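With the hints as constraints, model all of the structure from the sequences given.
2 protein chains.
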Amino acid sequence: MPKKAATSPWAPSSERGQQRQVKRDAVLATAAQLFNERGFHATSLDDIAARLNVSKPTLYYYVKNKDEILIECVRKGLQMMTEGIEATRSAGGKAIDQLTACMRIYTRIVTQDFGMCVIRISDDEMPQQNRTELRRLKSGIDMAFRRLVTEGIAEGSIQPCDPKMAAFAIAGALSWIGRWYESGGDYQPDEIATQLTAMLLKGILQGPAVA
Amino acid sequence: MPKKAATSPWAPSSERGQQRQVKRDAVLATAAQLFNERGFHATSLDDIAARLNVSKPTLYYYVKNKDEILIECVRKGLQMMTEGIEATRSAGGKAIDQLTACMRIYTRIVTQDFGMCVIRISDDEMPQQNRTELRRLKSGIDMAFRRLVTEGIAEGSIQPCDPKMAAFAIAGALSWIGRWYESGGDYQPDEIATQLTAMLLKGILQGPAVA
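In the order they appear, the protein sequences are chains A and B.
Mapping the first sequence onto numbering that gives the first Met the number 0, position 144 (from 1) lands on 143, and the numbers just tick up by one.
Mapping the second sequence onto numbering that gives the first Met the number 0, position 38 (from 1) lands on 37, and the numbers just tick up by one.
Derived by calculation from the structure, the hints in this document are not laboratory data.
All figures in this text were calculated on a predicted structure; none of them were measured in a lab.
Just to be clear, a hint being listed does not mean it is correct.
One copy or any two copies: either way a pair holds, since identical chains are not told apart in the list.
[To be verified] Listed next, the in silico BS3-like pairs over lysine-lysine satisfying Cα-Cα at most 30 Å (straight line):
#, residue 1, residue 2
1, K65, K22
2, K201, K55
3, K163, K137
4, K22, K75
5, K137, K22
Written as structure tokens, this is what we have:
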């Protein structure tokens, strides 16, 4: 009859997989932070390892190279946007309310590290083989905004306009936040969302005086 | 008595200087076009030389290297914006009309090659020693938009709002054009300017029905 195995100093494989995922996520989060602080080109794997207090060889257990890290960071940002928009769509309600909610979600994400990578890193800097996938994700987000504008026009909450152009105006003004936003700066994400959403929906022009 | 010199096959030096400038401008214009088509990293000096039907060594007579070309392209785009805004300011008139004119100028420039470089090439890709100068030019443009909004509020044409945030919304929506615009695509620059300017100034929300 076999003896009961002594307690192994290695965690069960299921747990190891989970730990690996947690650590991989930490590598990506730290990388995204550094890319936004210093720029993609100026950030080395050594910088990422140093901030995590590990050696560079340790990083290679979790990621292949800097390009893989970059793609994962941008993909995560785009997935957060896509999921936020889909959750809002599923919840239903008036198109204008859904659009407003999506604008707030988008604003919040571009002030966070993964979302900021989406905006700050140009397509040009992505490895060629991943551009199609990332463009598809971006295009899906664009299409969601266009559909919301189209539905808003249909329900009478939005003025007749070109939904493509309106979606570009919204995405442009909100994406730009990812360029100028500084964590701990003058503006909080919620405040930015409130102000920019109001400006884009109502405009900045002084309307005729209300009697 | 010295003989009159035979006609020289070399142009007088003043004319040579002028010709050099014309050729240097052609190098920059071609480079900007290629950067926008293929991306900065994917464009080589050989590509630029090939499109100009010259050899790569010939390029070195006009520019030092690819980095110098990049800086010059972005600088030219920023100068065009700055000059356009300054000319509008000098012409005077109501702040809201000046703002509208500046928005049209900015739109036109970001649909052209040098202006598109300003938007598509990230700070991260610029040589370190030039970032301060280019940021100063960008900041000047941002400040001009803020001042126009501030003056618009003072004259009563623009709603009381945070001019910094309004300038970011305007610059963001208009700069984004430089990302999605394609020459020969569905939209002409003038049409984009008209639509986006109206959306940003008046918003897209359906106002209360006019009696």
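30 Å Cα threshold - placement of K137 relative to K163: both (14 Å within a copy, 28 Å between copies)
Intra- versus inter-subunit Cα pairing at 30 Å for K22 with K75: within (16 Å within a copy, 45 Å between copies)
Intra/inter-copy verdict for K65 and K22 if alpha-carbon distance must be at most 30 Å: within (16 Å within a copy, 39 Å between copies)
K201 and K55: within-copy, between-copy, both or neither at 30 Å Cα: neither (51 Å within a copy, 53 Å between copies)
Alpha-carbon proximity context of K137 and K22, limit 30 Å: Close inside one copy (27 Å), not across copies (39 Å); limit 30 Å.
The structure shown violates just one earlier hint, number 2.
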